[in-house]
Structures are given as structure tokens and as C-alpha cells.
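Mind docking chain C on chain S? Use the hints.
The chain contents come next:
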Amino acid sequence: DGGITQSPKYLFRKEGQNVTLSCEQNLNHDAMYWYRQDPGQGLRLIYYSQIVNDFQKGDIAEGYSVSREKKESFPLTVTSAQKNPTAFYLCASTFRGARTDTQYFGPGTRLTVL
Amino acid sequence: QQPVQSPQAVILREGEDAVINCSSSKALYSVHWYRQKHGEAPVFLMILLKGGEQKGHDKISASFNEKKQQSSLYLTASQLSYSGTYFCGTERNSGNTPLVFGKGTRLSVIA
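Residue numbers (my numbering), protein chains in the order written: chain S, 1 to 114; chain C, 1 to 111.
For reference, chain S alone in the conformation it holds in the complex (with noise of 0.2 Å):
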């Protein structure tokens, strides 16, 4: 089946470690995004990628890395430079990333800083 994981599903982390979160789709999409969901906050977009070997910054791109060497993986580093790193993350894509095709979520990473 299509889709797209996201691993661990929680995740413990000390303050002033970096952590990187997984993503990997199968759906040979080739735009893929990040987003940090806190409460009563929406989705809110940390970086994204529409072609390997190229991202850019979203609006809270600030404490975060990401890299983009093949289609299928996305991964996101959270440094310890993010000063609030505690929340639900998401991975998405979309097969083009046009303004018409329809974006789909992973399960979500949920972090938490001890």
C-alpha cells in the first residue's frame, strides 16, 4: 500500500539535544512538507521540498534542518537552537505540488522535551 510513515511516533528528548525525525513516502510524490501542530494553533509549516537537493524555509523554519537527497525521504532535524520544540509534527506531499493536487499527511511524530 501507498503512503507515508513517520517514525517513532513519540519521541523523548533531553534540552540541548538535536533529534531528526524520519519521513518516507511510496506515492512518488515530489513535493513534500513539514508542519509543527501545537493547540489551538493550526498547521503551521516549518520547511518544504519540491524537488531532491532543494527545500526552503516555511514560516517557522527557525531551530529546524531538513535535507532532500532522495524523493522519498524527508527528514527533519529539530536542533537544540529550537526553543520550543515540544509538539506534534506532520509530514505531508503531493505528487506535483500545484495548488490543485491534493496533500496527504503521515501519522505524525509526537516530541516531547524532558
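Treat the hints as calculated values from the structure; they're not laboratory data. Incorrect hints may appear among the rest.
To be verified - Simulated pairs of lysine to aspartate or glutamate, DMTMM-like, Cα-Cα distance not exceeding 25 Å:
| hint | chain 1 | residue 1 | chain 2 | residue 2 |
| --- | --- | --- | --- | --- |
| 1 | C | K103 | S | E15 |
| 2 | S | K9 | S | D59 |
| 3 | C | K59 | C | E16 |
| 4 | S | K9 | S | E62 |
| 5 | C | K37 | C | D58 |
| 6 | S | K83 | S | D38 |
| 7 | C | K103 | S | D101 |
| 8 | S | K71 | S | D101 |
| 9 | C | K37 | S | E62 |
| 10 | C | K67 | S | D101 |
| 11 | S | K83 | S | D59 |
| 12 | S | K9 | C | E14 |
| 13 | C | K37 | S | D101 |
| 14 | C | K26 | S | E72 |
| 15 | C | K68 | C | D17 |
| 16 | C | K59 | S | D101 |
| 17 | S | K9 | S | D38 |
| 18 | S | K83 | S | D30 |
| 19 | S | K57 | S | E69 |
| 20 | C | K26 | S | D59 |
| 21 | S | K14 | S | D30 |
| 22 | S | K70 | S | D30 |
| 23 | S | K70 | S | D38 |
| 24 | C | K37 | S | D38 |
| 25 | S | K57 | S | D38 |
| 26 | S | K9 | S | E72 |
| 27 | C | K103 | S | E62 |
| 28 | S | K9 | S | D30 |
| 29 | C | K50 | S | D101 |
| 30 | C | K37 | C | E16 |
| 31 | C | K37 | C | E66 |
| 32 | S | K71 | S | D30 |
| 33 | S | K57 | S | E15 |
| 34 | C | K68 | S | D101 |
| 35 | S | K83 | S | E72 |
| 36 | C | K103 | S | D59 |
Only chain C this time, still in chain S's reference frame:
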């Protein structure tokens, strides 16, 4: 640029109807609607393109008024399974760019 959704929350009894609105301060080309259950990923409901079209998904339908720059989601004869948070997403500009989502409307359907 974030679209504004209203109401923020609504409680319904099974069988009642509800309307969720999504408004933007800028011209829109399309509006995307999603539903999210607690702790799960948002699930796509429908896309509406400019032209005033109306779409349906089971007993959930939506309209898009490009002149008013708003979209409305209609839930008729609500079921318990309709509970969740509904998000609208709109494009950021005229190019192929990611959606910007509203803050969501929390819908609770009770027996």
C-alpha cells in the same frame, strides 16, 4: 495570510446540521478541506476551485464564493464519526506553493 475559520468550536447532537466558514483577506484560487481526529493525521475531504463550484462527500458538502473570498463546509444529519477538527487550507500566492491552514474548527457530535 492565514485564513480565518469560524466558529472555533461547535457541539452538535446526532442528526443536527452545522456550517463551518473559512474566509481570506486575499483572492483565492482554491480551498482545501481536511478533518483531523485527535492524535491522528488530517484526512483530505475535498478541494474547491474558483468558479463557485460546490462539492459533496457523503453528507458533507462545501461551496466556494471567490468574490467573497470564502468557503463554507456543510455537515448535514451529523454522525458521531464527524467529530474532529476541520481545517481549511488556501494557497499562498499564484505559484505552486504550500497551503496555509486556518486554526481549525473543533466539532463535537454527541448522542
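Between the alpha carbons of K9/S and E62/S, is the straight-line distance 25 Å or under? Holds. K9/S to E62/S sits at ~23 Å (cutoff 25 Å).
Given the proposed pairing of K59/C with D101/S, does the C-alpha separation stay at or below 25 Å? 23 Å, holds
Has the given pair, K70/S with D38/S, been kept, meaning a C-alpha gap of at most 25 Å? 29 Å, violated
Would the hint linking K26/C and D59/S be met if the CA-CA limit is 25 Å? 18 Å, holds
Given the hinted pair K9/S and E72/S, is their alpha-carbon gap at most 25 Å? 19 Å, holds
Hint consistency between K83/S and E72/S [alpha-carbon to alpha-carbon, up to 25 Å]: 29 Å, violated
Take the C-alpha atoms of K14/S and D30/S, compute the straight-line distance between them, and say whether it is at most 25 Å. 34 Å, violated
Could you grab the alpha-carbon distance between K26/C and E72/S and see if it respects the 25 Å cut-off? Violated - the C-alpha atoms of E72/S and K26/C are around 34 Å apart, more than 25 Å.
Keeping to a limit of 25 Å between CA atoms, is the pair of K71/S and D101/S held or broken? It holds: about 17 Å lies between the C-alpha atoms, which stays within 25 Å.
Pair hint K37/C and E16/C, alpha-carbon separation not exceeding 25 Å: Holds, at about 20 Å.
Pair hint outcome, K9/S versus E14/C [Cα-Cα no greater than 25 Å]: 32 Å, violated
Does D38/S lie within 25 Å of K9/S when you go C-alpha to C-alpha? 16 Å, holds
The structure does not agree with the numbered hints 1, 9, 12, 14, 18, 21, 23, 31, 35 stated previously, though it agrees with the rest.
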